[in-house]
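Chemist: Got chain F; can you put chain A on it based on the hints?
Protein sequence lines, in the order shown, are assigned to chains F and A. Each residue of the first sequence is one higher than the one before, counting from 1 in the working numbering. Each residue of the second sequence is one higher than the one before, counting from 1 in the working numbering.
These are calculated hints, taken from the structure and not from any lab test. Take the hints with a grain of salt, since some may be wrong.
Stated by the list, open to error - What follows is a set of in silico ranges between Cβ atoms, one per label pair, in the way DEER data are often shown:
{"no.": "1", "chain 1": "F", "residue 1": "250", "chain 2": "A", "residue 2": "77", "range": "46 to 54 Å"}
{"no.": "2", "chain 1": "F", "residue 1": "250", "chain 2": "A", "residue 2": "201", "range": "37 to 45 Å"}
{"no.": "3", "chain 1": "F", "residue 1": "255", "chain 2": "A", "residue 2": "38", "range": "39 to 47 Å"}
{"no.": "4", "chain 1": "A", "residue 1": "183", "chain 2": "F", "residue 2": "401", "range": "33 to 41 Å"}
{"no.": "5", "chain 1": "A", "residue 1": "42", "chain 2": "F", "residue 2": "229", "range": "42 to 50 Å"}
{"no.": "6", "chain 1": "F", "residue 1": "34", "chain 2": "A", "residue 2": "191", "range": "30 to 38 Å"}
{"no.": "7", "chain 1": "A", "residue 1": "141", "chain 2": "F", "residue 2": "370", "range": "22 to 30 Å"}
{"no.": "8", "chain 1": "F", "residue 1": "228", "chain 2": "A", "residue 2": "113", "range": "25 to 33 Å"}
We put the CB at the ideal spot given by N, CA and C, even for glycine.
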Amino acid sequence: MDTMIFLACAGTDVLTFRALYCTLLPRRGRLHLLCLCGLWALLSPLPFLMQPDITALILQFFLYFCSSFLAFRGKWWLHLLAALVSTALPWLSVNVLLQGTAAFFSIRTVELTLRRQNYLVILLTGHFFALLIAWLIRRLQMPEGRKLSQLKWSLLALVLPLVSLVMLGVIFLAHLGRNDLSELAFFSCCVLIAANTAMLFLLEAIEASTKKRQEMALLSQQLQIQTESIWALEKSYRTQRQATHDFQRHLQALATLLSAGENQAALEYVQQLQGLQTTRIFSINSHHPIVDAVLNQKHQAAREQEIEVQMQVNNLSQVPLELSRLVVLLSNLLDNAIEACLRLPSERVIRCNILLQERLFLSVSNTSAPVTLVDGQLSTVKTDQMEHGYGLATVCRILKQYGAEYIFDYTEGWFHFAAEIPLSDYDAQR
Amino acid sequence: MAEQIRLSSFPTGHPELQVLICDDDPKFLAWEQEATATVFHRMGARARIFAYGCGESIPDGLVNTCDIAILDIDFPRKDYNGMDIARRLRTAQRDSVIIFVTNYIEYAPEGYEVQAFRYALKSEISQKLAQYLQLAISQLQAARRSLQIRISGEYIELLLDDILYIESQRHTAIAHVRRGSGVKTYSFYSALSELEETLAEQGFLRVHKSYLVNMRHIQTYRCKEAVLTGGIALRVSEKSYGEQKKKYLLWKGRQ
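One chain only, chain F, in its complex shape:
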């Protein structure tokens, strides 16, 4: 019976470890499963070999910390944080339950631990409770593989949990050797746990609020792009109507000349017409009407500014990306390229590749004045950060949402952007 319960406790500890780590760090594929099995095998005999004291805790912490590098990828301090929480959570949970039960029944803790059956039940319940908390954290917190965005905010968020751990440690040491936990100490433990849990929900609310703000900015930008598209379409219709009207007029003139037998004059007239340029002499036909609409519009805008544009597209009809995000992505990249070219007096060139292969490959290169790249990101020259700074920031956000790999670079007068976007969640994890 004891063996079964200790094995179950070790199992729940491993699951708690997995849930907490998956919240913070991406897994290493099959190696991760092997590591979990190994960890369970190592944790299971611990209760038989050691007393559940500080030494056992430290050993458990080191086991988590070392094995985590085999199972998960990420920065060392994230591994440390996750190992700390994975060790502390089950221990805290069991001790709080133990002390609480003892206080509730007005018996001493040591007396409760001597009641083997009751103690084992509390032990198992405590471990399952810890697993439940870890599962809730996993469900309510960041999705798998998403890293903490800003180190300074992450460190700030660590303050309360670390202080709480210290306080719990102080309470534990203060009651070392005593057989019961004072009501005040028990209340303090509960308050600390509640405060930490509340903070987790608060962090989640802040993240959700930030995400909503970003989505609002995205929607606002989509609206702006759609408005521009409508005006561009209106301009195209107007040009087409004029061209049709002119075409009728030219046909009439030719008919008149030919009826009058003035063949030479008719030929000269036709040659004159051949020299006329039409406004729409370029077309992008990727078999995706929305992509074509965006690319044609941007291409036209670039040509009007005397920017040479070279494009390479293949059949994009099966691109599975969400339309609105795809439009925002392409519009922002090409707008950025056009703006960069406009700052140059000459040699204005944009090269764009959009290729649907195993993944979607996207690249935009343009001639540009020197730019400063900070951590591989372009720092905007615009003063209105809230509105304009969202351009390339939006691009990066969309790419991160798709799990894309991307790079910005500036070399020898050219600004380069290239990205590879996975076409499925499964592909994104490989």
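Modeler: Leaving out everything else, chain A in the frame of chain F:
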């Protein structure tokens, strides 16, 4: 034994560039022929220019040896267009440079399929021709660079474009080279790090301590493996994956 990269100025087998121009407008065709000859003369490059008014009259011999092709796209009175001519060229010659000169440019999957190098409007080609031909020559030179290795006392030249990847086994380097529909291997003494230093600028990427891969032949490059032309799958270094993937993306964007 140190390996050398030999840069060939012009395609092997011919003393001069073979340039094909095809346009159904006789006046424009004549202008193109003269303008192209002038550009090459100014560059000091030797070239033979062949001009045709229709695609059917282009002989197979020229299709197989053409280095640069300047093609119109629209042939209204014919049942083919410039893309069809380009396909014929591309099937015969993997590395010839194709420039489309037309009144109406359409960027479409067909252009990607034939690996069109540049598009130019007829109204603008006079300003762009010299630049595009210079770029075309650079492209040809890059595509026809070769690696000279020594095996059993003999020097062998391997076209860089044909090398899929180079593998390191102890102190031996093994080049896996495309030959027809198969792959042939060449073993020679060289450190992979030396080869990496020499070939990094030529589009080769060290994806693993044992593999130096030709990026032209990468079909997919993920954190666990790289798959090359012909379905060859190679392990990649997880540690350096992030950095190397960025280099690959930048290189691919410049193609």
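Chemist: All the hints need checking, so say for each whether the structure fits it.
Modeler: For each hint, the structure was consulted:
no.	hint	verdict
1	F:250 <-> A:77: 46 to 54 Å	21 Å, violated
2	F:250 <-> A:201: 37 to 45 Å	55 Å, violated
3	F:255 <-> A:38: 39 to 47 Å	42 Å, holds
4	A:183 <-> F:401: 33 to 41 Å	39 Å, holds
5	A:42 <-> F:229: 42 to 50 Å	45 Å, holds
6	F:34 <-> A:191: 30 to 38 Å	35 Å, holds
7	A:141 <-> F:370: 22 to 30 Å	28 Å, holds
8	F:228 <-> A:113: 25 to 33 Å	32 Å, holds
Violated hints, in rising order: 1, 2; the structure is consistent with all others.
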